[in-house]
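Q: With chain A fixed as given, assemble chain B onto it according to the hints.
Chains as they are written, first to last, in UniProt numbering: chain A, 1 to 344; chain B, 1 to 119.
Derived from the structure by calculation, the hints contain no laboratory data.
Possibly wrong hints are sitting among the right ones.
Cβ-Cβ distance ranges computed for the label pairs, FRET-style [stated by the list, open to error]:
1) K90/B to T18/A: 26 to 32 Å
2) D107/B to A114/A: 36 to 42 Å
3) D6/B to L249/A: 51 to 57 Å
4) L307/A to A115/B: 37 to 43 Å
5) E111/B to T133/A: 48 to 54 Å
6) E103/A to A115/B: 47 to 53 Å
7) R344/A to T108/B: 48 to 54 Å
8) E14/B to P117/A: 55 to 61 Å
9) D6/B to T133/A: 49 to 55 Å
10) E71/B to T321/A: 40 to 46 Å
The following residues of chain A were derived to be distant from chain B, with all beta-carbon distances above 10 Å [what the hints assert, rightly or not]:
11) R80
12) A114
13) S252
14) V290
15) E297
Using N, Cα and C, we set each Cβ at its ideal position, and we do this for glycine too.
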Amino acid sequence: MRRTALHHVHQRLGASFTEFAGWEMPVRYGSDVAEHHAVRQSVGLFDLGHMGQIEVSGPEAAAFLDYALVGRLSAIAVGRAKYTMLCHTNGGVLDDLVVYRLEAQRFLVVANAANAPIVLAMLGEYSGGYAVTITALDRALLAVQGPDAVKIVGEHPELRYYGIEAERLAGKDVLLARTGYTGEDGFEIYCANEDAEAIWAWAAAAGAQPAGLACRDTLRLEAGMPLYGHELTVRTTPFHAGLGRIVALDKSDFVGAAALRAVVPDTELVGLVTRGRRSPRAGHAVLDAVTGAKVGEVTSGAPSPTLGHPIAMAYVATGTTAVVVDVRGTREDAEIVKLPFYKR
Amino acid sequence: MRFTKDHEWLTEEEIATVGITSFAADALGDVVFVELPEVGTVVSAGDPAGEIESTKSVSEVYAPADGEIVEINQAVVDDPALINSDPYGKGWLYRLRVSGTPETLSDTEYEALVAGEAS
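One chain only, chain A, in its complex shape (with noise of 0.2 Å):
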């Protein structure tokens, strides 16, 4: 299994690991619920080394990612970042990317671990005939992510939400970014793998607790961020998952071009909220109330710490009201609601 940089330090702290995506990872280092609410209120901090790091140079990079992206990327201005899909030419979603514009030609794109050789794969496919050089990068990234950040990051007011600059933090050279998947304001922190310690130690000196994979899973959920594997997969389109406004259908070709301006999702993603103790999860039936047909299925379910009750996020056949979800053999009432369900 790999290991990040940083993973002699959860040992030291005394981490319960856990395999993800090929990578050992911090679950939590003590109490995951305790860490989710340190994340809320007051600040968090992650490895998420884990996560693939790609580059995109050269003097037709931004052409290049317009067609082999969704969105529209050559629009983005530098020092800013966009959130973006890499999509099959059926539509499906192969990975869901934040993509930063570093300089005029060159950007970062941030793939999930569990995608990152297929992105790497797909774009070098996609390359062909474009002036553009891409280059897997194995560097370490930080989160520092709650309502507190800026007191250990530093107030940073030039670096506006999705913003990207290069900065020195704890004395070492870093690119900031203004980014996170917690639903609270937070920063990102890309640095050399040799650096991530010292940046980790300054972090938490600071104040910034330590919080695992666990957490950040009920912290997304609660702000209704899909997760790749969850909401996210081969299988659905950005429009399903209600991100069609991602796709920039405008833009003359790009890869899966034909195959989503087609598309009349005939299911959508909502969030279910339910009042007994037991949580939907992910792979329960959603029925319809009344005739008790199945009607969807749930992708991600928890107990939400902030909200105390549980959360879930489902694909329901489109224009569905009223449901209940089979957990495990009983039926749980649920509301269908508007996501998030946090909202900062």
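A: Structure of chain B alone, referenced to chain A:
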């Protein structure tokens, strides 16, 4: 105290106290909900007999032996975090009147099992 391969522990008495091991509690993460069988339920070893839910996942508890549930721990129903904080003490789940001789592991056998799973 004896153990099962499904990570339960039970005391060596005719009316055995049953819980889950600290290894299982750690693997689950923060327990937020526990559902226990009703008193009077007759179970066979390996039957699902209870459910433990954490933020991360949900797991069934299996009966460690044939028998009848004679008492449940209401304190753990009211405060499921006891399973994390004191799995061998206040975090016990139920008492089972054991019939027959259950197939269980000694502490050294259980430690070997866990070491295998953890590596």
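Q: Each hint needs a verdict: does it hold in this structure or not?
A: Taking the hints in turn, this is what the structure says about them:
1. For K90/B and T18/A, the hinted distance range of 26 to 32 Å is satisfied, since their beta carbons lie about 27 Å from each other.
2. Under the hint 36 to 42 Å, the C-beta atoms of D107/B and A114/A, about 38 Å apart, fit the expected range.
3. A C-beta distance of roughly 52 Å is found between D6/B and L249/A, which places it inside the suggested range of 51 to 57 Å.
4. Between L307/A and A115/B the C-beta distance comes to about 39 Å, which sits within the given range of 37 to 43 Å.
5. Range check, E111/B to T133/A: Cβ separation about 53 Å, and the 48 to 54 Å hint holds.
6. As the Cβ distance of E103/A to A115/B is approximately 51 Å, the hint placing it in 47 to 53 Å holds.
7. The supplied range of 48 to 54 Å is met by R344/A and T108/B, whose beta-carbon atoms lie about 50 Å from each other.
8. Distance hint check for E14/B and P117/A: the Cβ-Cβ separation is about 57 Å, which falls inside the suggested range of 55 to 61 Å.
9. Under the hint 49 to 55 Å, the C-beta atoms of D6/B and T133/A, about 53 Å apart, fit the expected range.
10. About 44 Å separates the C-beta atoms of E71/B and T321/A, a value consistent with the hinted range of 40 to 46 Å.
11. The Cβ of R80/A sits about 34 Å from the closest Cβ of chain B, beyond the 10 Å cut-off, so the non-interface label holds.
12. Distance check on A114/A: its Cβ is at least 18 Å (rounded) from any Cβ of chain B, clearing the 10 Å threshold; non-interface status holds.
13. S252/A, annotated as away from the interface, keeps every beta carbon of chain B farther than 10 Å; the closest lies near 45 Å.
14. Distance check for V290/A against chain B: the nearest CB is about 27 Å away, which clears 10 Å, and the non-interface claim stands.
15. Every CB of chain B is more than 10 Å from the CB of E297/A (nearest about 17 Å), matching its label as outside the interface.
Of the numbered hints listed earlier, not one is contradicted by the structure.
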